[in-house]
Structure formats: C-alpha cells, structure tokens
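Peer 1: Sequences are here, hints too, so could you generate the full structure?
Throughout the sequence shown, residue numbering follows mature numbering (1 follows the signal peptide of the UniProt record, and there is no 0), covering -22 to -1, 1 to 411 in sequence.
Since the hints were made in silico from the structure, they are not lab data. One or more hints might be untrue.
Below, simulated DSSO-like cross-link-like pairs (lysine-lysine); rule was C-alpha separation at most 27 Å, straight line [to be verified]:
1. Lys97 - Lys264
2. Lys183 - Lys54
3. Lys288 - Lys368
4. Lys22 - Lys183
5. Lys22 - Lys54
6. Lys105 - Lys22
7. Lys212 - Lys183
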Amino acid sequence: MKRSYLITFLMMILLVSNISYANTQKIKDDNSTRGDYPANPIIKDGWILDYNDEFNEQNLDTDHWLPYYLPHWTTKELSATDYTFRENALVLRIDEDYPAWNPTYDGDVKCSSIQSFEKDNIHQFNKSMPLDHHESIFDGYTTKYGYFEIRAKLPGGSGGHVAWWMIGCEDESYQKAEVDIVENPFSYTTNSFINIHPHDDATIKSETFRSSIGYDLANTWHVYGFEWDPSGMKFYIDNKLVGNTNQSVGYRMMTFLGIYRDCGWDGVNDGVYPKEFLIDYFRVYKREGGYTNNSLAVSATATATSEFDKFPVDRLTDTNPVTEFMSGRYPDYPHYVTFRWESPQTFNQVSLESWYCQGQAPTNWDIQVSEDGSTNWSTVASSGDIVWEKNDDTVESRELTFDEQENNKGLRIKVNDANLQWQSYVIRNIVID
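Peer 2: This is the structure:
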C-alpha cells in the first residue's frame, strides 16, 4: 500500500509539473516574437509609388536624407549621425561613448537620426534655445498626404527609444504639428506607441494610441504603415490597423528616422551596446486619382473682408476639411467671405461647418451669387438666426439648399452676425455643391 501511495504521489507531482511547465510555455509564447514579418510587395494596388529608398546600397542617398539631427540647434559634430549598412538595411547606431547632441538645452539625450528636410529654427522644442548657426535649406523629400511605410527592426533592452516621426515644414509659422508613427521605448515593444502633438497648430489636438500587438516587436523585422489623407490618419503594424483618427494635418511634412538614448522617460539605461535601429526600406505612395473633395470651393479663389493672419481664408479652398478660417477681430457686419471661379459654375447647396460654435460660429448669414463674380450680387438663401448646440470640439454644420444657380463665377457668404466669445468668428469648412 505504501508503495502504491508513493507511486500515486510521484505521478501527481509529475502531472502538476507538466501543467506548470505548459502554462509557463503558453505565457512565454504569448509574449514572444512571431519572427520576421515579410516585406510588402513594392507594387500596391490603387496606389502610385512616389518615393522609395530600399537602402540596398552601401551609401546613404544624401539627395534625400540629411545625416544630422536638427543641426541648426547645435554643432555639426554633435548632431552627426552614426550609421552603417547591414543586411541590405540602414543601421542607425548609438554606442557607449556617443555624445549628447545638445547638452545645453536637451541634457544627456543622445540621438542618431536622419531627416528629409532642414532649415533654420525648425522644431524649436525649447523656446529659450537660440540658433547655433545658419544651415542652408535642404529639401530632400517633403510631401502632403499619402501612404508611408517602413520595414524595421526595433531593439529590445532599456534606456532609449526609436522613432519614425514627421513634422510640418513651417512654411507658415503655425505649421508645427508632429506625428509620431513609431516611438517605442526599447522596453515597450509589445504595444503600438503612437502620438500626435499640435505644438502651435490650433487645428490639431493631442492624441495617443496604445494598443497591444500580442507579440514582441523587438529584434525582428516588422512593417509599420501610416495612411494620411484629408479625412484623417491611420496607423498600421504588420498590415493591421492599430490607430485611427479623423484629424488630418493640412500641410506638407518632413520625415525623421532615429534612435535615442537617455531621455529619461524611456527607461534606465541597461548598459548594453551598441543600440541599433535597422530600417529595411522607406516607401511613400500616392492614391490613384489624387486627393480632392467634391466641394467647388476647392477650385475657387477665396477672399474675406478681414482675416486673422494665422488662419487665412484660403484655408477654405484647400483639400483639408479640418483647417479653418478666422475673421479679423470684432468684424464689422456685414462681413463677406467670397469665392470666385475663372469659369461659370452651377450649384444649389452650401454647407457651413464650425466648432466651439457657441463661442465662435456665425449665427446669421446669406448666400449670394454673381454672374461675373464682382457685381450684381443677388441673395438666393438665408440662414435666419442659428442657435448652435455645443461649445467644444464637436463639429456642427448648417446646410442651405436653394434653386439651382447656373453660370455664376462668384458666390459669397454674407455674415450678418456671429458669436464672438474670442473676438473672431471661425468657419472650419465650406462645401459648395
């Protein structure tokens, strides 16, 4: 009997051990890498390849990439990129003795990065930071809208992060929005790590996306995608959607690919070197048929009785539905927003959109038309007094429909009254059909 009990006891221990081992293996598998994700075909249905760098050569294409990180804020020596090529890929490196890129204004942060555009004063992350020296404008590759893709190998460990990010080229002073498509700390590689920062762009708000991937991205190849058009922005990992927003930056942007160390927020340095970020390719596609909306406003020339210089009226004729026009302060009524075309147009509907409407939207307006776009304006529709529902970032709209108007080169919105909580009224979008 004692022998039988002993055998039974040993069998139970073995069974429990096997169950425990199996559970351990399951946990390990759930958090382990799935191996390399294959490169996508370079031909993409419905899209036209606009620019690509497969990084197959042993030399960086310096017609499109600058091997320095924001060099106007520091010395050329400190901003220089440490890079090489391996596995037919670009390798961005930071070693143990790598210097801080801007110790006076960015502390101990080390960075090895390439960028596709450069000019003085761009991305002033510290408002007290002076220009170190003049840099000539470098315009390697900038664009507005498209599908962007990299295949990359992120490092593991701790004490740094990698980043694929884009910012506005500041052709206008407010055009500073930042989109961090990949900004993963070395120790945070089982989730997406995506950020949107408005900086001085009032049309953009901060957003973050953190979603579980279900496996570890570190030390294996994966595909990261960014789709950007007038209706919004989408983010992908291994061809799966991991983030989506209806915000859209309405101006051209530049690209950074970089690896960083000792930023503080990205963990304690583990002392393992070199730290490397590998990029197999960088590709940009444009959608077949281009990027337009159906509003006749897009093909018009717009003027206004007065405008706030940071939010000009020509924003109502771009292809971005989230940019906005702001009148001058305390406008005199009636105040006109006028659209003119070189050739006659036909339409029967005008939709006006705004946000924070109880504080800044028009509350009474007329629609007027003119055959020559300059004289003999006639009223075809009136809004009456409008009561808006919200005073937040909810977009509200009012649509006026009228008898079809033919052979007109001009349409104008005659604003008779508006909410002026912040001294000006705002129109976010005009759709003319």
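Peer 1: Next, verify each hint and record whether it holds.
Peer 2: Structure-based check of each hint:
no.	hint	result
1	Lys97 - Lys264	26 Å, holds
2	Lys183 - Lys54	33 Å, violated
3	Lys288 - Lys368	24 Å, holds
4	Lys22 - Lys183	31 Å, violated
5	Lys22 - Lys54	39 Å, violated
6	Lys105 - Lys22	42 Å, violated
7	Lys212 - Lys183	16 Å, holds
Checked against the numbered hints given earlier, this structure breaks hints 2, 4, 5 and 6; the rest are met.
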